[in-house]
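Assemble chain L onto chain U, guided by the hints.
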Amino acid sequence: MKSIYKKFKKALLLGTTGFLLFIVLVVDIIRQSVDIEIGWIVLLREILIVIAFATLFIMLESTWKREQTPSKKLGFALVLSLVAATATAMMFIISSSGFEVKNEYLLPLGFDTVVWANLASVVLGVTMILLVMILRDILFSKRRKGTKRNFIILIILIIVSSVATLLYRPMEYGIISTILTFITLGAMLWNSFRVSWIVYLTKREKILSIVYGFFLFLIFIGFDIILARGQTVVGQSILFYSPPLQTFIKEVALFATIYFGMTFISTLFHLPTAEAFDRKISEVSSLHNLSKLVTQVFDFNELVETVTAMTLQVCEAKSAWLEIITPHTLKKSTNNSIANGNDITIAGLKNISQEETQIIMEAIRSTIRQSVLDHNKPIIIESIRDDKRTQGIQMSANKFNSMAIVPLVSHEAVIGILYATKDVEYGFDKDDIDVISAFADQATVAIENSRLIEKSIERERLMREMMLAQEMQRKLLPQRIPQIENIDLDALSTPAFEVGGDYYDFLMIDNEHLGVLVGDVSGKGVSAAFYMAEMKGIFQSLSKIYTEPRKFLIEAQRALIETIDRRSFITVVYAVVNIKTGLMKIARAGHCPILHVSESKSGYIKSTGLGLGMGNVEIFERTITQTEVQLESGDVAVFYTDGVTEARPDGVPEFGYERLREVVASVYRKSAMQIRDSLITAVDSHMMHQPPEDDLTIVVLKWKK
Amino acid sequence: MSNFKVGIRENQNVQVVDLKGYLDAHTAPELEKIFQALIDKKNFNIVVNCRDLNYISSAGLGVFMAYIEDVRKNSGDIKLSNMSAKIYNVFDLLGFPLLYDITSDEAEAIQNFCSKK
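If you read the sequences in order, they're chains U and L. Residues 1 to 705 (this note's numbering) are what the first sequence spells out, left to right. Residues 706 to 822 (this note's numbering) are what the second sequence spells out, left to right.
Bound-form chain U, shown alone (with noise of 0.2 Å):
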């Protein structure tokens, strides 16, 4: 829709354009024929010139494309100011009859003279307003605060010098006409030093440029020559036509030649140092696009790439390469291995092949490589042949007769080096060190981003491992408390690191008998998970078979013997109550003993028993005991893990089983939710809210017949 309607907007702006142009045409015909002169008519044929022009400036700055170079622009206004001068002459040669000058007016010798008048003008009133466009983007190249206003300045006075023609007849001198001219002189000298924009342009555009700033000054002579006031046809034709518009014509073609003028001297005088303006300017957008390429992409070896590729074209050197130095301790691919526990990878490799680079770096290592390393200094070797520490290097073809060893340091250490040779002696001066320089540090920023991404991503997979295996183990854990008539459990565990060792079940082993295990894997982390999910499995199955605590535990220690650990073992503490009767059998391998408190006494019940994994079957079976403990209503059994009775903070006795007796003995009226709390709250102050140091599990279990 948009650009339909611009479309039709522009077609509307040319058409209005055209049509005032022709009736501007057809009115001077009629004049020609019918010989009367009326004021106004001349004034309205003044302003509708003005309105043709003025819309077809609009048309013509909407479709006007700004990005171009200087240079461009430049040859743009070359071509059509050759358009214009050559269809400008055509025009005369064909025919003109020309004009006769009566009272200070020009008079036409006939309807052809018209014509070419009509023509030419608009010819070149479009080349003039063009040429404008031109000039306001060259000048605005690089512009800085005064341009824009300078260069409005110098329209505004060329717009009031051709206004003011009107107070004069066409071939008459006018005083105020010729003040206005040398001021709006001065602006167009005033505008013209503003070239700043030939120092930016590449050696090429320069050359460009001084051709093309030549001939645009002799062809804007040529019109200046042309265009003086009356005295050749074209003139004459053109202030017949439009005295404003000839004004405006031809201090536009005068400020165009000083301007040209000025750009072929300037551009000539900035040739000589173009080259290293050249350098500078590559060697600047090289480093802004290479610091670039480190924050935003890290593909390692595409950056490699680059670096190794700017050094070529920067310094201009006949092959590049880059080794980098990773430490045994950050492993990666390797290519080769060469010197002391490092692993040296060759990247980046331009104009050279990877034997190549493996006899000079062999020929230098103990000598320049060495130094480089040691010092962490570039060193620049500015002949190959007559240099006695590269005297190993033995290549045909002459491909290598200097060559530039820049390190890559990083925290005082070389991570790696850059290299760089050229096919002449004495190639490298102190420039092309520094620019080597530069491009080492971004190679070696790089460098680290990578390593720092690559440990970052391994971080990152190891903790979603972790946080798997800690959904995984939480679901180990009893999902929710069975609901048993006589009996109010609870239970919570909490590990301290992403998985723990800690393990609690229940299991309802017949419709009698509620077993209650708590265990504790030694070693905390991924292998203590892995053998409370065995346990766990052994609990599921044997529990139901092995119905007496000790027998299981026996079976228990069968099952786990063979798998675990020999520095491994789970120390296990399990109980099988009765529901009806409330005859609690109990057995201990290794663990904590369970806490009983009843009404009148509290104490723990110790039972003998090596802890799961340790010793063999034989001996853990001829050591455990069962002992049997009767609940009476009210009475609380505690199981628990060493986290309650270790918790301990900085410089403070531990908890103990002391302090654990005495709490709960003075909450054991409670429901196990309150006391499991209160136990918890209690360890929580004695550790001064510090987060515990080790996994920690609670089982509260109360005969409540």
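No lab work stands behind these hints: they were computed from the structure. Predicted, not measured: the structure shown is a model, and the values here were computed from it. Each hint can be trusted.
Residues from chain U shown here face chain L by an in silico Cβ test under 8 Å; the list is partial:
hint, residue
1, Gly523
2, Arg567
3, Thr571
4, Gly609
5, Thr623
For each residue, glycine too, the CB sits at the ideal point set by N, CA and C.
Structure of chain L alone, referenced to chain U:
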């Protein structure tokens, strides 16, 4: 940072390992190294003197379990002595006295080696 120290000395052809400080998951490898070195040198009669041992975690207990088999296979033993009451409780809870010879003092442990011979 390590508040754990291990020392070795010889007492009547018995290697005495002195433990001091905190034996936990971080410091256990130090003790493992000592045991491994003793076994590599065919010293199988070992007494671990726990007089200055302040704390032992399950990982610390695991170290003794890791080497007892190797040592006993070579008709030697790891005996423990001079435990404080607190440390003894930890060993006791796990059933260590059922597996290990734990004596109240070092001389007694060495005596036990001699009488066995």
